[in-house]
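> Here's the letter readout for the chains.
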Amino acid sequence: MLLEVRDLHVEFVTRDGVAKAVNGVSYAVGEGETLAVLGESGSGKSVTAQAVMGILDTPPGRIGAGEILFQGRDLLKLKEEERRRIRGARMAMIFQDALSALNPVLSVGDQLGEMFVVHRGMSKKDARARAVELMDRVRIPGAAQRVRDYPHQFSGGMRQRIMIAMALALEPALVIADEPTTALDVTVQAQVMDLLAELQREFHMGLILITHDLGVVADVADRIAVMYAGRIVESAPVHDIYKAPAHPYTRGLLDSIPRLDQKGQELYAIKGLPPNLMNIPPGCAFNPRCPMAQDVCRTDEPPLYEVDRHRGSACHFWRDCVNG
Amino acid sequence: MPEQPFEPGRAIAGTGAGGAMDLATTEAETLERSPGGPLGTGPADRPRSLWSDAWRDLRRNPVFVVSALVILFLVVISLWPSLIASGSPLQCDLAKAQEGSQPGAPFGYDGQGCNVYTRTVYGARTSVTVGVCATLGVALLGSVLGGLAGFFGGFWDSILSRITDVFFAIPVVLGGLVLLSVVTSNTVWPVIGFMVLLGWPQISRIARGSVITAKQNDYVQAARALGASHSRILLRHIAPNAVAPVIVVATIALGTFIALEATLSYLGVGLKPPSVSWGIDISAASPYIRNAPHALLWPSGALALTVLAFIMLGDAVRDALDPKLR
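Those protein sequences? They're chains A and B, same order as listed.
If you read the first sequence in the working numbering, its first letter stands for residue 1, the second for the next number, and so on.
If you read the second sequence in the working numbering, its first letter stands for residue 1, the second for the next number, and so on.
Worth flagging that the hints you see were computed from the coordinates, not collected in a lab.
Just so you know, nobody snuck in bad clues.
Only pairs whose alpha carbons sit at most 27 Å apart, straight line, appear in this in silico DSS-like list of lysine-lysine:
#	chain 1	residue 1	chain 2	residue 2
1	B	Lys-272	B	Lys-96
2	B	Lys-215	A	Lys-79
3	B	Lys-215	A	Lys-124
4	A	Lys-77	B	Lys-215
5	A	Lys-271	A	Lys-243
6	A	Lys-263	A	Lys-243
Between beta-carbon pairs, the in silico distance windows are:
#	chain 1	residue 1	chain 2	residue 2	range
7	B	Trp-55	A	Pro-258	43 to 53 Å
8	B	Leu-140	A	Thr-58	26 to 36 Å
9	B	Leu-140	A	Met-122	25 to 35 Å
10	A	Gly-30	B	Gly-153	32 to 42 Å
11	A	Ala-65	B	Phe-167	42 to 52 Å
12	A	Glu-40	B	Phe-167	41 to 51 Å
13	B	Ser-86	A	Asp-126	56 to 66 Å
14	A	Val-13	B	Leu-140	30 to 40 Å
Ideal Cβ positions, reconstructed from N, Cα and C, are used throughout, including at glycine.
Use the sequences and the hints to build the structure in full.
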């Protein structure tokens with residue numbers, strides 16, 4: 001396995017109390033594999049990714065327990081300097097909003113070239129030449145002329161492609177894309193996803209795709225991990241989930257996708273709100289919103305039951321769920 | 001080329017890449033751009049940054065132009081005072097004491113028979129030296145300490161914040177009277193040192209605040225995620241985005257440092273004769289305000305004009321660097 005997260009706990013210490021953002025997440029990504037991490041805002045998907053990258057703000061963040069094994073080494077036991085060498089070179093991250101993730105006062109060429117200066121010790125001139133190559137690679141028209149332009153002079157889609165170029169500059173083994181298409185137009189979303197998928201195949205890298213867009217997931221992901229209140233509630237190969245979800249929350253997510261054949265009808269929505277992370281309900285965190293909830297759900301926290309060899313569900317009644 | 005209407009200056013670049021570009025991409029880019037682009041205002045093709053925008057604003061601002069010209073003039077005469085004043089500011093003739101305006105002495109003579117015009121011109125050097133050096137010192141010390149504290153936070157940040165609180169509690173004039181009265185050297189350096197000592201906490205607070213703001217930007221986290229070191233993040237990604245407020249406050253502080261030097265010299269703890277300073281002249285002339293008001297008015301006027309010029313410059317720079325005022 002390229003990356004294995006085991007029983008990761010992350011909490012944030014705030015004035016009002018301790019917010020438990022990640023409560024025992026485990027997932028794994030192999031080389032060339034795409035794992036989609038799905039969940040609504042506040043489910044802990046981005047925090048897990050930040051912990052893996054090592055860019056969690058500490059304080060207020062705190063990694064309570066767990067292991068993050070990357071190419072066989074536990075990242076949490078490495079020194080900061082060693083982790084820094086891994087970041088960017090062997091694992092990289094693509095951010096949601098490229099306009100705010102690119103420095104407004106530096107030209108894109110400087111920022112792309114920075115990767116080669118920091119990790120490869122290249123001269124500025126060589127780094128710039130590589131920056132042009134990268135921009136060509138992500139199909140920025142007229143790369144050689146535009147390398148001196150500033151981020152705001154590019155369109156949203158081009159900026160996101162520059163972000164991708166930065167992340168893939170040193171051909172990392174693992175890329176984490178945190179909602180890479182959320183800030184883009186629908187037409188451009190498809191282009192950016194295609195580019196990402198194409199480059200992933202080319203470099204044979206592992207990809208963690210954090211998203212709340214089920215449409216994007218179906219096309220590119222191999223596996224899906226659904227997160228709720230800082231836990232993985234279902235983990236399965238992508239087609240199994242679409243065929244028969246094994247957790248009521250996953251079912252709710254799938255039912256709330258707008259569909260063309262149901263035009264004019266009311267769109268399904270999961271009732272209620274995600275739990276307050278400072279006060280997660282006892283038992284299954286989803287029980288107040290779950291249509292299938294029984295007494296046991298309010299008292300016993302469900303473990304990740306094995307549905308089959310490739311599949312897990314954290315629901316006491318996963319059998320009922322799979323069978324509809 | 002569909003891109004041409006939006007980016008006229010890129011026509012050559014666009015045509016060159018046209019063959020390699022697939023049609024779908026081109027169309028999508030056009031769609032994205034057509035509602036005016038991401039930052040739809042203004043001509044899209046000129047490289048624009050905070051600094052180039054600010055410079056464009058400044059050049060059109062009459063307040064900036066006037067104050068900059070005054071400051072330029074001051075700098076020139078403090079470097080080469082003999083350009084416009086002949087003779088030495090220390091050449092005094094008691095026989096001419098308190099005489100009024102006359103050829104060779106357009107501002108008249110003071111109580112010691114010194115040429116007020118010559119002394120006023122030579123006094124600019126002291127003021128400009130003190131103002132510029134104290135500001136540089138304060139800006140360097142304050143932004144380094146404040147910047148580091150804001151970036152790393154934690155224990156040292158708390159310590160620094162308490163230290164700045166202590167310095168804020170020291171009254172400047174009283175502090176000057178106490179500290180500078182024990183200094184025997186009659187140069188500008190003890191005065192500058194004192195100003196840096198008392199002035200850095202103000203800049204440090206501002207630098208700390210703006211570094212904390214800049215630190216929270218996504219691009220700082222992105223730089224971390226791509227493996228940039230602390231020093232690289234601080235110098236390349238945070239500093240250029242956090243320096244504007246420091247520049248603004250430092251420019252305004254420059255004027256107040258010049259006034260403070262005059263105040264301290266007036267009180268007899270700054271520079272002392274035979275040094276030439278507007279503060280010394282104002283102090284020496286004030287007893288004779290009834291008989292020879294000109295000896296008081298000219299150095300006071302020069303001081304007021306200089307301080308005003310720097311404060312106006314600071315105001316103009318602040319307006320130009322604040323995008324919200326645009």
